[in-house]
Amino acid sequence: MFGTTFILAIRSILRHKLRSFLTTLGIIIGVAAVVTMVTLGKATTAAVQQQISALGTNILQIRPGQGFGRGGGGPRPPDFKADDVTAIRDQVAGVTAVAPQAQTTATVIYNGANWSTTVNGTTNAYFQVQPWPLVEGRYWTWPEEQAGKAVCIIGTTIRTNLFRGGSAVGGRIRVNGISCDVIGVLQTRGQAGFGGDQDDVIIMPIKQVQRRFTGNPDVRLMLVGTDPDYDSAQVQSSITDLLRERRNITGGKDVDFNIFDTAQISQALTGTTTLLTQIVAAVAMISLIVGGIGIMNIMLVSVTERTREIGIRLAIGAVASEVLLQFLVEAVVLSMLGGVIGLLIAQFAVALMSWLGSLPFLFDVQINVIAFAISAIIGVVFGYFPARRAASLNPIDALRHE
Amino acid sequence: MADSEAPLIRLRGVTKSYGEGATQFQALKGIDLDIQAGDFVAVMGPSGSGKSTTMNILGCLDVPSSGEFLFKGVHVEKLERDQRALLRRKYLGFVFQGFNLLARTSALENVELPLLYRGDSKQLRRETAMAALDKVGLKQWWDHTPAELSGGQQQRVAIARAIVTSPDVLLADEPTGNLDSERSVEIMELLTDLNKTSGITVLMVTHEPDMAAFAHTIVHFKDGLVERIEDKHRQGEAVGH
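Heads up: the protein sequence lines correspond to chains A and B, in order. Here this note's numbering is used: the first residue of the first sequence is 2, the next is one more, and so on. Here this note's numbering is used: the first residue of the second sequence is 19, the next is one more, and so on.
Since the hints were derived computationally from the structure, they do not count as laboratory data. Some hints could be false.
[Claimed, not checked] Listed below are the simulated DSS-like cross-link pairs for lysine-lysine, each with C-alpha atoms no more than 30 Å apart in a straight line: (1) A:Lys18 x B:Lys140; (2) B:Lys153 x B:Lys140; (3) B:Lys157 x A:Lys18; (4) A:Lys150 x A:Lys208; (5) B:Lys108 x B:Lys96; (6) B:Lys96 x B:Lys153.
[To be verified] Part of the chain B face toward chain A, derived, beta carbon under 7 Å: (7) Arg28; (8) Leu79; (9) Asp80; (10) Ser84; (11) Val92; (12) Arg107; (13) Arg122.
Note that the coordinates shown come from a computational prediction; the quantities given were computed from them, not determined experimentally. Quick reminder that beta carbons are idealized off the backbone N, C-alpha and C, glycines included.
Whole structure, please, built from the sequences with the hints as guidance.
Quick look at the structure:
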């Protein structure tokens, strides 16, 4: 019986192509909207998480000043001292390592090729806080770090641009006119962070950078590695207390530095994007339900329009359940067809928008399955009422219907 | 037809009324009628005489308000809606005044429709439907939709659809009502031929004495009762009671 009604339903759908298309349009748009919105939302969440995790986990960044900007016109808050680094490392519980950083921009020359990049002076603690494997060469030694030797570890972008992708270790580059031995090349991290190429960097012992480039022993930024067993908030407050004391910020005065907790930011951003995803999904879901009502509407009109046809079928010997099933199958097939088309459109839309918005392309199986299932359920729910009406028609009245 | 004495169809004291109370209208006031298998019966009478109501009951589309309707010895008045549908599917074929073919559907698919409900395989459906179209002389028109066929041809397709399941009874409700006289005669000749060669019992409602003349038995209705029965086999002998 099901096979028969299925054939009849398909024939009826194919016989009225335009009507069928218009009927499914609501479902097509609804499914496409739900899947696109949710997928893009998830892609955004994933992108945010990726960017945050690129900064490292269990890491606190400490900078002078409040917030990211310099803020106001007042005097610039002083940088940190080398002693602050050791003080935090030695006096705060839950701190595994502290890497000071001094940064400058520089022009690098090798073999006639030149490249503008960022020079990052730090200590070996940097690689401890934020593991970054090498593809060739080595890290610098303790004596090299202490002496502030002119050795450097370069990102792959530098290698590509100066060494044309060949081996760089053993090469001697000139950084702002100062000669420096390349001892290692970092593994590619790719595009991340809040814009910018993470591999476009040269890392040197901090003492070399302070002496030759910045010209002072100050520390712009500290990366603090924390023990995951300790409460991050507790560690932060200990550091704040210590730095207040060391920077002579008494009592009620605002601090002139900020501590940026990547885990905290990650949680907050992920929470926000997830909430946004849920809101747009809910809105899109409404359009899906409206699509279902569209199907019911057309099916009801169709039952009236096809009253005579139903009368013929009943006279020929169709039992009520067969007529019911045919109309129900028509509704379900239409809505599932709409579901499939909607899914296909959604994939294109997601691909297009992830390309435009440089988000990762995502195929989320879960939402595709859910959206398709909902489209099928909508077919059953909204198709049942018109189908029951068709099946309950009196054959004599139906045949007489003009 | 094991027992030639037992009629295929037997109506006893059949009444039918519509509505309730003061607005009640009695369409049939007690019909007794026997129809033998293989007969060709024309039902005549003015509008409102009860002939259409009787045809609806004989076609198992409606049930009597009271009385008995035996079809092949089965009490149809006691059957459920779906059981009557199955009875129609198996034993009855319908031809209507307005042809009632499915639009945008080829002649072949129209004729196949009853076979679909019967659950025949695709191959069998096609062969049986083509054979039925051949019987009505429209084999080469199988892929035409009703809009591409003349009225006479459409009615032939409808007849093919009615006989495709080899039913016992063909019920025709004014089959020539929408056709000119030349086409009408062709349709009547086709029905006569089917009655003769296939032994199918034909029940036909008509207004036109010319068409009724093709039948062997003519039942005249008046005011919800059988007025008289003309029997051409046994002139003068009343079949009704």
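### Query
So which of the earlier hints does this model not fit?
6, 7, 10, 11
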